[in-house]
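Novice: Take a look at the letters that make up each chain.
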Amino acid sequence: MKVVIDIERCMMSGECCYNHPWLFSFGEDGFPEVLVPELTTEQQRKEARQSIQVCPSGAISVIE
Amino acid sequence: MAGLAHEIDPREFDSPEFQSNPFPLYQRLRDHHPLFRDRFHNRWIISRYEDVNAAFQNNESFDRAMYQPDGPYVFGSSHVFGPNILEYGNSDRHRWLRNVVAGQFVGQGLVSFIPFVEQIAGELVERCSGEGEVELVQQFSNQFPIRVISNILGLPRADEEKFVVWYQALIAGLGFGGEHLARGIAARNEMWQYLEPLVADRLAHPKDDLLSKLCLAELDGVRMNMDEVKGFIALLLAAGGDTTDKAIANMWYHMLYTRPDQFEDVKKDPELWDNVFSEMMRFDPVVHVQSRFTTREVEMHGRVIPERAQVILSLGAGNRDERVFKNPDVFDIHREDLHMGRENRSARYRSDKQGHLGFGVGQHFCMGYAMARQEAVIACTRMMEVMKNPRPKFATHEGITSPNIDSGGFRSPRELWIQFDK
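Chains S and C are the protein sequences, given in the same order.
Start counting the first sequence at 1; every next residue gets the next number (my numbering).
Start counting the second sequence at 1001; every next residue gets the next number (my numbering).
The hints are simulated quantities; they were obtained by calculation from the structure and are not laboratory data.
Keep in mind that a hint or two might mislead.
Cβ-Cβ distance ranges computed for the label pairs, FRET-style [unchecked claim]:
id, chain 1, residue 1, chain 2, residue 2, range
1, S, T41, C, K1207, 23 to 33 angstroms
2, C, R1391, S, I63, 54 to 64 angstroms
3, C, F1040, S, S61, 34 to 44 angstroms
4, C, V1222, S, W22, 13 to 23 angstroms
5, C, A1309, S, W22, 28 to 38 angstroms
6, S, E8, C, E1322, 30 to 40 angstroms
7, S, S61, C, D1208, 43 to 53 angstroms
8, C, G1130, S, E8, 18 to 28 angstroms
9, S, V4, C, G1130, 52 to 62 angstroms
10, S, E64, C, E1322, 46 to 56 angstroms
11, S, E8, C, K1393, 25 to 35 angstroms
12, C, R1414, S, W22, 42 to 52 angstroms
13, S, S61, C, A1309, 13 to 23 angstroms
14, S, S61, C, R1350, 41 to 51 angstroms
Heads up, the beta-carbon is just placed ideally off N, CA and C, and yes, glycines get one too.
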């Protein structure tokens, strides 16, 4: 399971990076980057789902 | 000798002049004392946009709560709200508590509350539009956000009036000490007693409301304790109510008195209320200061702030920084150098424009920012639909005031009379 960001939709709110700093961090350009390439633990999957909820632009999704 | 004119006597921060018009002093701070050591109040003050923005984002050096080098945070047990999220500083616990409600206020959950907001705005406008004039502060703005937040929490609508009263006492207790603080704490205790059975009920029979979410949220299998749940509710009621309430009054004030010419544009295109909100949050936001404590020595402007010192981030001053905004002392809803529309917690925008600092930035960015904007814009738009040809009742106004800006006192007009065609 992977978490992916649609950079075209991203409005740079920063919510993912601040709420889930183990999964996301700001890149040099101010857009978020995914830190964990593969979600392996239940905690990671839970946080990934939460990050979808906090993203105001709907740019985050999870793929199998 | 020329330099002496720029010297700042820290007692100026307590003067009535500063409280009604802080902007000349802000300018002296920015230009001549970008890092001001206020020995009288035992604190440091930063005031330039760039410095305030950077400090907000520098969690390694600045903490929201006073931390202990070798132990947990120091909690203000006499805080009006009781134990609450604001006191957990830069900890994982703070992040967790914030996440409990973040999806509701910030992200995808927000949309589901909009019909509520519309409904309550409609009811209140209806109630105060019969006479052809309205005192906006008492009759509308003071009432509106608190009713919205208590509904979102899932508190009984029949008891809304109680929350309005408790909320006003809590707010007075926040900004002032002495009897106001005592009354605030008394109101909080009364509210807590009221809440206890409700919390117990939600624990046993969860509903689809925010109160249930607060009661049931778990971190590593552990829920918030009763005091934390109650503290969280007090915080949401007060922080979610007062600031938005005053924001609405400020928006109307600026349209009626500061820029009646631009008010004509808003009447033609009500979507511009969004710009009014943004520019109000820059020009003279409800909250002007945020406090931080250093977690280590911080070097700035050739000086060193020691560890565990209080630093005031003067966002009200940063917002007027001519290094960032052109003609910063002009209120302009068509301003091209300010990001208009929804704020970003990151303070960065796709457009490369700058945002205002009115909600803070970063880890402790206002949690209710998106809600506040929605509420304010919806309220103003509804009012204008019903109250035709709105105009000031009095030709002059004492302006936006702050009873005590220095203690976090919120800035807004004391009252605002509007006349309109019935």
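Novice: If a hint holds in the structure, say so; if it doesn't, say that too.
Specialist: Structure-based check of all given hints:
Range check, T41/S to K1207/C: Cβ separation about 31 angstroms, and the 23 to 33 angstroms hint holds. Under the hint 54 to 64 angstroms, the C-beta atoms of R1391/C and I63/S, about 56 angstroms apart, fit the expected range. In this structure, F1040/C and S61/S break the distance hint of 34 to 44 angstroms, their C-beta atoms being roughly 54 angstroms apart. The given range of 13 to 23 angstroms is respected by V1222/C and W22/S, whose C-beta atoms sit roughly 19 angstroms from each other.
Look at A1309/C against W22/S: about 30 angstroms separates their beta carbons, and that is inside 28 to 38 angstroms. Checked against the hint of 30 to 40 angstroms, the pair E8/S and E1322/C passes, with Cβ atoms roughly 35 angstroms apart. Checked against the hint of 43 to 53 angstroms, the pair S61/S and D1208/C fails, with Cβ atoms roughly 24 angstroms apart. Here the CB-CB span from G1130/C to E8/S is close to 49 angstroms, at odds with the stated 18 to 28 angstroms.
For V4/S and G1130/C, the Cβ-Cβ distance of about 54 angstroms falls inside the hinted range of 52 to 62 angstroms, so the restraint holds. Between E64/S and E1322/C the beta carbons are some 53 angstroms apart, a value that agrees with the proposed interval 46 to 56 angstroms. Taken as a hint, the range 25 to 35 angstroms is violated for the pair E8/S and K1393/C, whose Cβ atoms sit roughly 49 angstroms apart. About 47 angstroms separates the C-beta atoms of R1414/C and W22/S, a value consistent with the hinted range of 42 to 52 angstroms.
Between S61/S and A1309/C the beta carbons are some 44 angstroms apart, a value that contradicts the proposed interval 13 to 23 angstroms. Distance hint check for S61/S and R1350/C: the Cβ-Cβ separation is about 20 angstroms, which falls outside the suggested range of 41 to 51 angstroms.
When the structure is compared with the earlier hints, violations turn up for hints 3, 7, 8, 11, 13 and 14 and for no others.
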